[in-house]
Amino acid sequence: MDVLPLPPLAPSPLARLRRSVWLYRRCLGAHLRSTLEYEKDFWVLSVAALLTQGVGVLLLSAVFRAIPQFDGWRFWDVALGYALVALGEGVAVLLAQGAWGLAWTVNTGDLDIALTRPYSPALQVLSSQIGMNGLGNLVIGGALLAGALAHVDVPWDAGRVALAAVLLVSALLVKVGLNLATNCAGFWLASPFPMFAFSMHTLGELARFPITIYGMGVRVALTVALPYAFMSFFPASALLQERHLWQLGLLTPLVAAWCLALGAWLFRRGLLRYESAGQ
Amino acid sequence: MSSAAPPAPARHQSWVAYRGLARAALRSLVAYQGAFLFGLLASVFSALAMLYLWRAVLASSPAAHGFDWPHMRAYLLAAFVAGSLASSWVDYRLAFRIQRGDVGLDLVRPVDYQRARFAEAVGFGAYELGTGLVVAGVAALAFGGVPAPPLGSLPLLLLSALLVLPLRFGLVYASAMAVFWTQNYVGVQAGRLALVSLFSGALVPLAFLPDWLRLLAAVLPFAGMASTPALLFSGQLQGAEAGAAVAVQAAWTVGLWYGTRGLWRAASRQLTVHGG
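Quick note, the sequences are listed as chains D and C, same order.
Read in order, the letters of the first sequence correspond to residues 6 to 284 in our numbering.
Read in order, the letters of the second sequence correspond to residues 885 to 1160 in our numbering.
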């Protein structure tokens, strides 16, 4: 067998981390194999994701064709934020799609199974699905990001490349954290469908555009209440370093840590409310 | 035992049945309105994003392709109300019925499957239209009102508005039937939503699209789902052009109704119901 053995349960944090990552990868791998059994599904979902993101980009370019610049924003500036949202969505769907199944798992009592295993229930939930449509998002988001980075006016040096890498990874984690946090509503709402999280996800889609176009209420909501603007607008501003308040974008790694911690905390609070099946 | 088919119900009995289905659908939606309203919130956020985007865009340029900000507002809000009909609520219900095999039970009921589902869509539509109009009204007030539609366009606007629900239903019904072959609906729905958002002009008026896409959109069924009624409402479509657009909308409504009947006959042969 070429499978590496499961790292043992050990007291040191590093060993615990290694074990968690190993198990996460194994859980996703199992779902990848089951997903690939349904080849038609894979293609339908991938094409749908390509269409969804492609249509978004097409509509954006149609707007900029008519009006090449508004409020100081050009197509490729906006495309940078747009690409980050598509990439965040792609990573969240591909690697942590399980968050969207939480409401159903709680409603049916299936979460019981996760509670009996010696592995973090939150990580089990996150790795319980793999969304192959994430690949479509990653393809469009990656192409758009490459185009945007080639066109925006950034003096590239080693420092700026490192900053871009840190901002990109952090922006992606903001989305994963907020997905988990909003889906934890499933513990409080009786519905088996994650409608609350879905509507918040759509709120997050507002961050595809520069948040300076919105009224103050929407800006505060996207910056403070549910900081979706940190998955696109602020990291993009920090990279371009030419917009008002771009320094806020340097906080993206901290915001990512906050969103992940918020998701984990809400999950633990939710577990205290969880009544299991057969009540 | 006689194997003769049961006699067809009298016409007025069918009518009572369809009315009952519409009423039951409306009640089921009211009973679970929490989930529905969160779904509505999602489309409200999308509409809000486009309103803000267009406000910023048109502040830089007083008019583009004949749209100034007040008329763009009217267009987007009318498109939003049209888009709130046959929502994802109706959509998933139709698809789950097939996916879970409940459709097997429907086949033995003495009502026409398509008409029964349409009756339900009308029941849901009453609530969808009500909430859509309230949201659009509030947004109109918040963004500074909308100009009234021109009086001369009212008869065509009314006709176009009436065609929106059956037309949207036709497409949703057709795509739900894809489940007979794909078993999975999430991808089919997402793909359809992407095409509708592009070709219906719900987010960006079709005039802004490149010529070849605009010409394609003019002959596809999608324009009648948002663009045609919204253009009539905002006064951007008049005269012979307006008549032609509504004629295309009507032709697709009828075409989809009868086309999906044929599709249903083929699709129901694909049915697999477990446990029987």
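Among the hints, erroneous ones may be present.
The following label-pair restraints were derived from C-beta to C-beta distances [stated by the list, open to error]:
id: 1; chain 1: D; residue 1: Ala35; chain 2: C; residue 2: Pro1033; range: 40 to 46 Å
id: 2; chain 1: D; residue 1: Leu276; chain 2: C; residue 2: Gly904; range: 40 to 46 Å
id: 3; chain 1: D; residue 1: Glu280; chain 2: C; residue 2: Ala947; range: 54 to 60 Å
id: 4; chain 1: C; residue 1: Ala1150; chain 2: D; residue 2: Val229; range: 52 to 58 Å
Some residues of chain C that are not near chain D, with every Cβ distance over 12 Å (derived) [what the hints assert, rightly or not]:
id: 5; residue: Trp899
id: 6; residue: Ala901
id: 7; residue: Ala926
id: 8; residue: Val995
id: 9; residue: Val1132
id: 10; residue: Thr1137
id: 11; residue: Trp1148
Since the hints were made in silico from the structure, they are not lab data.
Positions of the beta carbon are idealized from the N, C-alpha and C atoms, including for glycine.
Hints and how they fare:
no.: 1; hint: D:Ala35 x C:Pro1033: 40 to 46 Å; verdict: violated, 57 Å
no.: 2; hint: D:Leu276 x C:Gly904: 40 to 46 Å; verdict: holds, 44 Å
no.: 3; hint: D:Glu280 x C:Ala947: 54 to 60 Å; verdict: holds, 58 Å
no.: 4; hint: C:Ala1150 x D:Val229: 52 to 58 Å; verdict: holds, 53 Å
no.: 5; hint: Trp899; verdict: holds, 33 Å
no.: 6; hint: Ala901; verdict: holds, 29 Å
no.: 7; hint: Ala926; verdict: violated, 4 Å
no.: 8; hint: Val995; verdict: holds, 28 Å
no.: 9; hint: Val1132; verdict: holds, 22 Å
no.: 10; hint: Thr1137; verdict: holds, 24 Å
no.: 11; hint: Trp1148; verdict: holds, 21 Å
Checked against the numbered hints given earlier, the structure breaks hints 1 and 7 and satisfies all the rest.
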